[in-house]
Amino acid sequence: MSKPPRLQILRLVTLTIAATVLLLPYIYMVGFSLKPVDEIFAGGLSPFPREFAGLANYAGALESEPLLRYVANGVIVCAGILFFQLVFAVPCAYAMAKLRFPGRAFMLGLVLFGLLIPIQATSLPIYIGLARSGLTDTYAALIVPFVSSVFGVFLFYQFFRTIPDELLDAARLDGCGDVTIMVRIVLPLIMPAATAFGIFSVVSHWNDLFWPLIVIRSPDLNTPPLGILAFRSEEAGDSYGQLMAGTGIITAPLVIAFLLAQRRFIEGISLGALKG
Amino acid sequence: MAHIEIRNLEKSFGDTPVLRGIDLTIERGEFIAVLGPSGCGKSTLLRIVAGLEAHDRGHILMDGRVVDGLAPKTRDVAVVFQSYALYPHMTVAQNLALPLVMRDLTRAERLPFVRYLSGRVRRTRADIRDGVARAASLVKIEGLLDRKPAQLSGGQRQRVALARALIRKPSLFLLDEPLSNLDATLRASTRAEIVQLQRTLGTTAIYVTHDQTEAMTMADRIAIMIEGRIVQVGTAREIYHRPTDVRAALFIGTPKMNLFDGTADNGAIRLAATGAVVVQATGARNGPVQIGIRPEHMVLVPEDPGDGIPVATTHREFLGSEALVHVAVGDGTQGTPAVARLDPDTADTMTVGRTAYARFRPGALHLFDGEGKCLDPDRHRPLSRIPSAFGQEDGASDAQPVPRIVGG
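From first to last, the protein sequence lines stand for chains A and B.
For the first sequence, the numbering used here assigns the number 283 to the initial residue and increments by one for each residue that follows.
For the second sequence, the numbering used here assigns the number 5 to the initial residue and increments by one for each residue that follows.
Just so you know, these hints were derived from the structure itself, not from any lab.
Be careful, since some hints might not be right.
With a straight-line Cα cutoff of 30 Å, these simulated DSS-like cross-link-like pairs (lysine-lysine) come out [said to hold, decoys possible]:
| # | chain 1 | residue 1 | chain 2 | residue 2 |
| --- | --- | --- | --- | --- |
| 1 | B | 77 | A | 380 |
| 2 | B | 144 | A | 380 |
| 3 | B | 144 | B | 173 |
Just so you know, these numbers come straight off a predicted model, no measurement behind them.
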């Protein structure tokens, strides 16, 4: 608080401008979703509707496409992916950070190498594999390719390294077995990292268009971005208000989730939770 | 309260031997310090005794029972770590309660809501709360029970760590440099508190440190550990006055013991730098020896008394009640460095840059053979008459028994 006020103001102004630029599309999306069609086409920069048509737009959007179904699909897929990612990444990272075994450095190298490979590079073999096993056009096709996250392993590895060995030794002396150590000591400590990772994972898979587009054919399994795509192509034309309302509905869960978890998210990225 | 016996313990990390055959017996209720430079294996020894690390060879016995390979929790030991290792997400009360919760409640009984179903669990939980309160009052942290470790000062954390170790009333305390993260004032007062606590509880304790002051002031006995071996075990006095190994001699005492190269020649011990015979040690095998003398036993005079060894005065330090005079023995200022502890007035008569004359109190000399072992440390025969070049300094040293000079 001892910063000179002029610097404070400068900082505030800069941040406000940056935030506005980033938020502008979102603000217009919300604005358009509240306007009637003729007002959208009439132009004008104000995001605030002169004539309120929000109710009609949102109702229309929900009616013309099973948007809630798409949102539910998104929740199922993202929760499935996150669950398995945590199940695999946390023990793997724990082993690499805290246990000594031959080949540890080599495995860590593989993890780092894995970070460099984009999904597009491996999509063809994975698709063929899924197709051969008859899994395309199922939830499994959306979840299975992402259950092992090298990014997750790396993030948790970094975080586990900040947990001192003496802490785990102390727990062992206090009578805790491995399971108890995991539940009582390690899991509470990695919550910030897990939250941060959860947000990264959910955001990227919620917004993923590439993979669902490849493996999903039936509209019932549409994920939120596919839903918007379907909405746009079917309702193409003048129902921009409804389109924007649909987009709003589909992005809302993410925004809410982020707002709820934002403090832990920031703790998780800065990895400072164990200081002191 | 446990009786600990460590027999021929060996441990290597890969190709690096860390413990090379440790033998150590610790009596019931004894407070023993394992003192050594960093990297000597003392923390590894502690971790092996705690059961956190496996050893390669040898045995550990607690009350006559071999505990090799037993898990830490079954050994009934408690450790105070250097970093305190408090659980950062738990309050002080929860930190203290965890060892009792783990010991007194089964896995099912530990589940969160069981206390509402079972009267027994409720009573145990109440006992645990009492235990926490008692332990907290022992180390005077009653007011901090609701805080998280991050909200505590270093000294307070240290107390919480102590309380967590003693709450279970273990039969053995292991302390791994518990004071090294405290500032000097706090360290001095905590030293006394830990000793009092250990006396009150009567628990056997092993205290690992690299700080000779801590070891000397706190422990009943000190085990000096160097390069994976225990070179001497004894009380602070024994080790200070009768070191059996040159490394133990150098490790205890500030400033360090002065050490000069010398030779044994038919019982006459000569200083290599000047060729002067400093003492007769009948029976010492001919060959190189090391001649040690504590700074307070080295007498300096400004004028040659006729039998002194000329030394070059290089530096003088005034410390209030005493003064240290640094000299070089033999070969001008390039000679073997040595320190004499004098009273400040005597030190004032010495001028830096000029020659002074040293006399060694013969009764206070320590002789070590080529391997650094004390020449027959157990024999307390007074020296045969001091060679003519060296008169007795004063009556006081006459009265002292003359230790360990005579080789066999």
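Checked hints:
With a C-alpha separation of about 20 Å, the suggested pair residue 77 (chain B) and residue 380 (chain A) falls inside the 30 Å cut-off, and the hint holds. About 35 Å separates the Cα atoms of residue 144 (chain B) and residue 380 (chain A), which puts this hinted pair outside 30 Å; it is violated. The hinted pair formed by residue 144 (chain B) and residue 173 (chain B) meets the criterion: a straight-line CA distance of about 17 Å does not exceed 30 Å.
The structure fails to meet hint 2 from the earlier list, while all remaining hints are met.
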